[in-house]
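Those sequence lines, one after another, are chains A and B. Under my numbering, think of the first position of the first sequence as 1, with each following residue one higher. Under my numbering, think of the first position of the second sequence as 1, with each following residue one higher.
Warning: the hint list may mix true and false statements.
Here are the simulated DMTMM-like cross-link-like pairs (lysine to aspartate or glutamate), alpha carbons at most 25 angstroms apart as the crow flies [unchecked claim]:
id : chain 1 : residue 1 : chain 2 : residue 2
1  : A       : Lys138    : A       : Asp95
2  : A       : Lys110    : B       : Asp61
3  : A       : Lys208    : A       : Glu226
4  : A       : Lys223    : A       : Asp179
5  : A       : Lys138    : B       : Glu54
6  : A       : Lys138    : B       : Asp33
7  : A       : Lys138    : A       : Asp179
8  : A       : Lys79     : A       : Asp162
9  : A       : Lys56     : B       : Asp33
Hint data in this document are derived by calculation from the structure and do not stem from the laboratory. Given the structure is predicted, the values throughout are model-derived calculations rather than measurements.
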Amino acid sequence: MADPVIQLRGVSVRFGRQQVLRGIDLAIDPHQTVCVIGESGCGKTVLLKLLVGLLKPTAGEVLFEGRGVADLGESELTKMRLRVGFLFQQAALFDSLTVYENVAFGLRAKGGVSDTDIRSRVRDRLAEVGLTEAAEQKMPAELSGGMRKRVGLARALALDPDVMLYDEPTTGLDPIMTDVINELILRTRTRRPVTSIIVTHELRTVHKVADRVVMLEPVVRLKPDEPQVLYDGPPDGLATHADPRVHEFVEGDATRRLGAEE
Amino acid sequence: MPTASPPARPKPPDPDVLPVGGPLAVALVGLGDWTLFSVRALTGLVRRSFSASEWLRVAVDIGVNSLTVVVITGLFIGMVLAVQTYNQFHTVGLETSLGAVIHLSVVRELGPVLSSVMLAGRVGGAMAAELATMRVSEQIDALACLGVDPVKYLVAPRFLACLLMIPFLTVFADVAGLVGCTLICLHVYGIDPHHYWEHSRNYVGVWDVFVGVAKSFVLGGVMCLISCHRGFHSRAGAAGVGRAATQAFVFAFVAIIVLDFVLSMFANSVHDLVWPDAKTKVI
């Protein structure tokens with residue numbers, strides 16, 4: 001079996017007095033599609049940002065292809081990041097740039113790519129996410145939520161990443177657009193050998209795209225010696241898992257929680 | 001283009017390392033963080049890690065769009081100074097020296113301070129709010145993920161634009177102040193123009209203009225770095241962005257006034273050193 005692309009070893013993150021992640025151990029194999037699910041505030045986005053060095057763990061280490069992300073020098077960290085595509089929750093498009101400039105941004109920053117190649121690569125990626133040339137000169141403020149996500153995806157794919165990180169790619173979208181984004185995630189995986197980590201609340205996304213599901217519980221709800229990962233396995237096993245908290249999340253059932261609060 | 005993580009929020013002071021508690025420790029940590037941030041922005045300037053169009057956009061905003069407000073303020077400051085000082089000088093028969101005193105004040109102090117403060121209010125707050133919005137909407141994280149150092153890419157062009165534009169604004173503020181003062185002195189109070197200009201020429205020299213413009217470089221640069229630093233360290237939400245913009249102006253304003261004092265003392269010392277016999281000229 002190939003070595004894991006990404007590994008987390010005993011990773012904990014604390015912001016001031018607030019513990020967000022506690023002793024997370026996780027290994028993600030090449031070409032796997034992993035969905036990270038859990039309640040709001042359980043540290044899913046923090047976990048994603050740790051992987052590209054946007055945040056640093058308070059304890060433990062994050063490894064990319066066996067090398068500690070914290071130990072990477074400036075240029076090595078850049079090289080690593082250029083191999084990772086990140087679709088942000090609100091797409092994080094650059095306000096002052098057009099759609100075309102947004103998608104071309106990474107290629108221009110990387111350098112060594114001619115304008116002709118950039119143009120053809122940008123058009124390919126926009127076509128891949130279902131956008132035509134008419135969208136190229138639009139500003140991000142003129143785009144709908146779904147279009148923003150698609151442009152964000154095109155921008156992340158422009159550098160042909162080996163790893164794709166999706167931060168709640170379908171949150172706030174209508175059911176049709178949610179399915180479009182799910183389909184794009186699947187197509188991305190089919191077109192290139194990419195390892196994907198998807199942070200989401202949507203169980204439709206989980207069942208449609210995931211090979212593996214990792215469920216986290218907020219640290220504040222855990223007993224002192226309890227692991228934060230409640231479930232780690234195939235999507236089909238979620239419904240039949242013994243832990244009632246997993247079942248409650250899957251069913252969207254807060255009866256026990258509300259009863260305890262009363 | 002090598003990059004690093006976007007600068008993290010400064011850590012709270014460690015009591016074991018820094019045995020000083022409270023606001024002083026927080027201020028020291030903030031100052032240290034700002035210094036590292038500034039050095040990183042300067043590195044971006046040397047390596048030119050930003051686009052020319054971004055620099056031009058900021059330069060136009062700072063230079064062209066601030067010109068009117070700086071000129072109007074300078075004009076009225078010069079007029080107010082003339083109105084406030086005329087009676088005292090007239091009582092002792094020295095009204096023809098008004099030009100020398102006011103022109104010197106405008107060229108050495110009010111010009112650079114006024115243009116820096118106006119810039120802190122008009123541009124500094126906007127820069128902080130823009131960067132804070134980029135921080136909150138994860139655009140700064142997105143830059144880092146695309147292999148670009150956000151500090152070098154975003155702060156360096158703003159810093160360069162401030163450095164290049166503020167001396168021009170200072171000169172315009174100086175001229176407007178002199179025009180305002182002259183209008184009041186010559187056309188309202190009827191001071192003799194010959195003696196008015198003669199005194200001005202004797203007291204205001206190239207050194208004074210140089211000191212004023214040199215100060216504006218420092219004040220404008222520091223104002224820009226403070227504003228950008230506040231924007232980068234904005235807290236989440238609309239309240240966080242608003243707080244960053246307010247802090248940018250308040251911190252920059254205090255820094256401008258304090259630095260102006262330090263630079264004035266320094267300039268006078270240098271003057272004394274270079275021209276030891278001309279002490280009486282330095283006001």
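These are the hints, each one checked on the structure:
no.	hint	result
1	A/Lys138 <-> A/Asp95	11 angstroms, holds
2	A/Lys110 <-> B/Asp61	29 angstroms, violated
3	A/Lys208 <-> A/Glu226	30 angstroms, violated
4	A/Lys223 <-> A/Asp179	37 angstroms, violated
5	A/Lys138 <-> B/Glu54	18 angstroms, holds
6	A/Lys138 <-> B/Asp33	38 angstroms, violated
7	A/Lys138 <-> A/Asp179	24 angstroms, holds
8	A/Lys79 <-> A/Asp162	12 angstroms, holds
9	A/Lys56 <-> B/Asp33	17 angstroms, holds
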